[in-house]
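> Chain by chain, the residues run as shown.
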Amino acid sequence: MTTGAIAFLERYQSLIGRLPGDSALRAAAAAAFRTAGLPGGTQQRRIEAWKYTSLRPVAETAFKPDAAPRHEAETILTGLPLLDAPRLVFVDGAFRPDLSVMPTAGFARFAEQPDFGTLSWPDREPMVALNTMLAEDGAALHVPAGYDAGVVQLISIAASDADFHPRHVIRLGKGSQLTLVEVSAGQGTYLLNTVAEFHIADGAHLTHIRLQDEAASAFHISTTYADVEAGATYDSFTLNLGAQLSRTEVHAQLTGAGAIAHLNAAQLLAGSQHADFTSVVGHTAPGCTSRQTVKNVLAGRSRGVFQGRIEVARDAQKTDGYQMNQALLLSPYAEVDSKPELEIFADDVKCSHGATVGELDAEQMFYLRSRGIPDAEARSILVRAFLAEALDAVADDTIRFRLEAAVERWWERQKA
Amino acid sequence: MAAVTETLDTVQSVTQSGYKWGFETTIEMDFAPKGLNEDIIRLISARKEEPEWMLEWRLKAYAAWLKMDEPHWARVDHPPIDYQDLHYYAAPKKKAGPKSLDEVDPELLKMYEKLGIPLKERALLAGVDPDSVENTQVAVDAVFDSVSVATTFQATLRKAGVIFCPISEAVREYPDLVKQYLGTVVPVADNFFAALNSAVFTDGSFCYIPKGVRCPMELSTYFRINARNTGQFERTLIIAEAGSHVSYLEGCTAPQRDENQLHAAVVELVAMDDAQIKYSTVQNWYPGDANGTGGIYNFVTKRGACRGARSKISWTQVETGSAITWKYPSCVLLGEDSVGEFYSVAVTNNHQQADTGTKMIHIGKGSRSTIISKGISAGKSNNTYRGLVKMLPSASNARNFTQCDSLLIGDQCGAHTVPYIESRNPTAKVEHEATTSKIADDQLFYCRQRGLSEEDAVGLIVNGFCKDVLKELPMEFAVEAQKLLAVSLEGSVG
Chain D
1 MTTGAIAFLE
11 RYQSLIGRLP
21 GDSALRAAAA
31 AAFRTAGLPG
41 GTQQRRIEAW
51 KYTSLRPVAE
61 TAFKPDAAPR
71 HEAETILTGL
81 PLLDAPRLVF
91 VDGAFRPDLS
101 VMPTAGFARF
111 AEQPDFGTLS
121 WPDREPMVAL
131 NTMLAEDGAA
141 LHVPAGYDAG
151 VVQLISIAAS
161 DADFHPRHVI
171 RLGKGSQLTL
181 VEVSAGQGTY
191 LLNTVAEFHI
201 ADGAHLTHIR
211 LQDEAASAFH
221 ISTTYADVEA
231 GATYDSFTLN
241 LGAQLSRTEV
251 HAQLTGAGAI
261 AHLNAAQLLA
271 GSQHADFTSV
281 VGHTAPGCTS
291 RQTVKNVLAG
301 RSRGVFQGRI
311 EVARDAQKTD
321 GYQMNQALLL
331 SPYAEVDSKP
341 ELEIFADDVK
351 CSHGATVGEL
361 DAEQMFYLRS
371 RGIPDAEARS
381 ILVRAFLAEA
391 LDAVADDTIR
401 FRLEAAVERW
411 WERQKA
Chain Y
1 MAAVTETLDT
11 VQSVTQSGYK
21 WGFETTIEMD
31 FAPKGLNEDI
41 IRLISARKEE
51 PEWMLEWRLK
61 AYAAWLKMDE
71 PHWARVDHPP
81 IDYQDLHYYA
91 APKKKAGPKS
101 LDEVDPELLK
111 MYEKLGIPLK
121 ERALLAGVDP
131 DSVENTQVAV
141 DAVFDSVSVA
151 TTFQATLRKA
161 GVIFCPISEA
171 VREYPDLVKQ
181 YLGTVVPVAD
191 NFFAALNSAV
201 FTDGSFCYIP
211 KGVRCPMELS
221 TYFRINARNT
231 GQFERTLIIA
241 EAGSHVSYLE
251 GCTAPQRDEN
261 QLHAAVVELV
271 AMDDAQIKYS
281 TVQNWYPGDA
291 NGTGGIYNFV
301 TKRGACRGAR
311 SKISWTQVET
321 GSAITWKYPS
331 CVLLGEDSVG
341 EFYSVAVTNN
351 HQQADTGTKM
361 IHIGKGSRST
371 IISKGISAGK
381 SNNTYRGLVK
391 MLPSASNARN
401 FTQCDSLLIG
411 DQCGAHTVPY
421 IESRNPTAKV
431 EHEATTSKIA
441 DDQLFYCRQR
451 GLSEEDAVGL
461 IVNGFCKDVL
471 KELPMEFAVE
481 AQKLLAVSLE
491 GSVG
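As given, the protein sequences belong to chains D and Y, one line each in that order. Sequential numbering from 1 applies to the first sequence in my numbering. Sequential numbering from 1 applies to the second sequence in my numbering.
For reference, chain Y alone in the conformation it holds in the complex:
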């Protein structure tokens, strides 16, 4: 019964508070003027104290972006975005660089405390004093708007030889590594939003796991979007050298507000021989209110390259937030016997729109991929799975299995599946299955007659529906994700 009570509590707390994480901290911001042009890019680059090559790289991306059109193939509707009406740079006013959490602006810490449930949960799970964050086994590179202000666990990671730092720092400290890998998985002109990101990205994480190292802790970054009208352009680059292993967690919440916010992140992963990268995301940015006002526009390019033999990249995502999600975490399976995985739960409610899926490009012999996608639509929302499985002539004995299931709650929503399957190698095997259904009346009846409220019953059934994906999440996230599912579907039945 404990679980039931917990679910009840969650639903109750949510019903009372609406979007629980919808607060806004008031810290002095340092804005660049609105709009985008070469001068703004020069300003960003200068603020970040970047070397000349980085500026040139940005300008090249900007030039490419100017020639590109915003894509319209996704099943999403939104008013045109005025790219000149956004701030491309916002940084909290810095006091001389904080070295530890103690030195961080208390306002920020308070915000983290409000958001900090996962941290504390982890602390509790690890059996340590919840206030002593230092002891938890999770390294946090917190991103507050655009500048990283608190970085922990650097010492432990250093000892293992792992580099985990804000990407702007990496550009300065490890230019050779950044130069070697940045933009090699997602080229600057890959797509409209990636080009925009390449031109104006302000921060994000850089992670380098040396040969044979198993990262001693799970790496985590909390992305926040905080200032009004600032697009957030994160850039993440993770490099796993031969035989290394890393698990990276990304969680997102954003303050409640009415104006739409643009978010266009780029994540690049590189896995060499026998390396493994596990990238988990729980995304619950503000989805807009029940009438579809406000909410985040989330246009993300995430791609991993399995460059080495037997390398493995695994994407797990739980997408419950954002007004619009446009996101296709993909794997380029170059290495022989490399493995790509995509586990996704996407929940849309009210007027949310999600167009998400993956691309598995099989190039290497014996490469394998698994796609499990669970889409849940409620309210007046639209939820689309869009994916590509491509077997190139070189991909002998490659294998793909795809399962896309959609669940509809209510008769005003939409669930769509758009898989593309392209094979040019007879020894490659592709299997694809998709189903669409609703919560069966007998399932509901069964739960209801055992005393569960309708909402709890739906939460339970939905969690069961998503089980295959949720079990792939690191435990701390799994707990939060289950709560999130219930929260996101609140008000969708009855």
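One chain only, chain D, in its complex shape:
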């Protein structure tokens, strides 16, 4: 057990009785975390799910949960590409009503009405165990059946060098709709360890857009569980730009006939950034569809990881699963690790995946250069074209423009 993991456990011990919600659940999670530790934090055991990502840097960082914020949350918030829509703002893990704009969907704070949901596996996922053990706040949203809740923004701002473990539960009633835009940013060396779960009832439609633009020294771990019922859609897109180390883990279960899941993502990394996108799509009902395009653009000494598994259960006949994973290496020191997996137990299925790794196409570069476009610009054009395919999956123009702008800013940062 590393000192980092011990510090988390000691904090939990000191908080017992003061944390909201089911204390037995927390105790079980603490026991699981005590056994598992931080993935990669100890040498003795290698976990396949964490093959390419080690949380040793997290284990070696001393977080200061009680220290006063070192940065202005308001200033950080103003700098974000916000939409003119309701927003739920969390600063250092705690809900801030003063900065929020209430949504029309039913909202409750975890701190007041703790809801751990039903989909997570603290016993299997060490970081979910950590979250379950220490979660103090989060958002519970309920969209009633048949209601269109429009856009709701879920904002996380980190202003102090601490660790936060938000816990969100979002429930969409039958035939309802919601577009959830999650933005996370901050300043300092902090750990954001979010667990969110989505229940999407029959015929409901959840669009989930994420922009991760954390501080350069931050750690961002996010675990999402989605239960997609008959005829429902979970349409997600994640853009990872920030953090020294990030892991985006998605578990989508297609549990009703004709359910649809889109798990698209793009990661742009430079310097010594490490970003891991891990997804598991479970087809447990017949006639479901899953689509996934994940792109990595890797500069500097960065390392991009993609692990994607499509599981098709015995009964999930007529499954249609597709997964595409592409990586562009812009530097001789960058590294990509990719593990697209198929696990299939039904015979009448159509499942495929593809993966490519390489650099910018020399012929395309030549074409642009021969037309007088400078090297840097030519590269930028080609990289943006490469990303466009992933970003095009975002149907809402306003949101896509914001994401493109974020990519643009990332690009500017690299030049500076």
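By construction, these hints were calculated from the structure, which means they are not laboratory data. A few of these clues could be false.
[Unchecked claim] Pairs of lysine to aspartate or glutamate, EDC-like flavour, derived with a Cα cap of 20 angstroms:
1. Y:Lys380 <-> Y:Asp77
2. Y:Lys438 <-> D:Glu311
3. Y:Lys365 <-> D:Asp361
In this text, all values refer to a predicted model and were calculated from it rather than measured experimentally.
Let chain D serve as the given structure and place chain Y on it in line with the hints.
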């Protein structure tokens, strides 16, 4: 129509006889006591009349093995193996060393005759009298359990300067070569099964192709597992010097029995500048019966090192047998512009489990690799492709193409694909594709309305599905492999 008739005949003969090669010869065996310890290793080494360094090498491997745990990452399930409940040495009782096939125990020859279809087929293909095996262009180093008893074509090979002999003989006759290469591709402590093999291997083939020599014939070894409860631990080492070329065929059948048998072979290939090694395998060991009882546990470590520039190692395998297959023939592409290839068909039926694939480690500039894997699952079986493509920072302009296709027959089986792709060089290109599907109804309908039975139709479609791999096999093997596919899938439809 000839092909159809042939297929029909095959299916018929199989339906009647079940596992066609499931017989057992009764030759007196010479067993070491059950169990594994240093004394057994000393005994094996002494029986093999090995020099001291070989014994030390074995003991080192044994010491490493004791500290290792059996791997559990593969998608295979089996009851725990009691390594102390096996015989690690079994040899047919020797009459003074036979010099030619004439002197070989007639019981053995009869067994070869039963198994000998490929030999005769080759003889027929070559247009010679089927009984005059001597004239066929295939050298056979037959391995009967643990001791090689018949070696042919030594003279022809000698003339070309090729050394092809049992590895135990090589240890005695060519110690410098063996010392120089043994364990350099698969180190003694590489993995649990390789370490076990290093400690207790009893026989296998050694092959050395000198500089610039094109081996005058295809080399072939028939591995048999024959005695009850004897693990078979083959060790093969093939060295192709600069500019040489060799094609090696390996075919396997095993007698039918109920108790599981452990097989943990190690194959090491070394290719120097411009050398080429083609290693083909048809593996149809006893897969267990329809209820999943019995069958061979096949835990094999196969690895080739392309050490020289422009060297090439090509693995082709047709895996239809064994209850459990755990096998990843790999290439370490060290040489500049070296080439690695992996062509595989893995068929599982009933309760068989196969976890197989390859590793292509690109180190040399401009190294290239191709992976074509076709997995077919039927019955209640599980078939997994597990592979790694790794581009190291030095592998500038390296290239990999991977295609993994799975075919499911029936709704009780599983097909899985677990590729790992790791790249640390931007100029290296990796492409990976995988698909999973079933035999389309319209394909079946098309064949059926032309008068093919459902089983023949499936055989035909499956052979088409595997075409890309089967065409890589030497012709003699291709014929056998096609029959095997039909045989292996027998009873999986309807």
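> Hint by hint, say whether it matches the structure.
Hint-by-hint comparison with the structure:
1. Y:Lys380 <-> Y:Asp77: Since the Cα atoms of Lys380 (chain Y) and Asp77 (chain Y) sit roughly 13 angstroms apart, the hinted pair holds (cutoff 20 angstroms).
2. Y:Lys438 <-> D:Glu311: Distance of about 16 angstroms is within 20 angstroms: holds.
3. Y:Lys365 <-> D:Asp361: Holds - the C-alpha atoms of Asp361 (chain D) and Lys365 (chain Y) are around 19 angstroms apart, at most 20 angstroms.
Going through the hint list in order, the structure satisfies each hint without exception.
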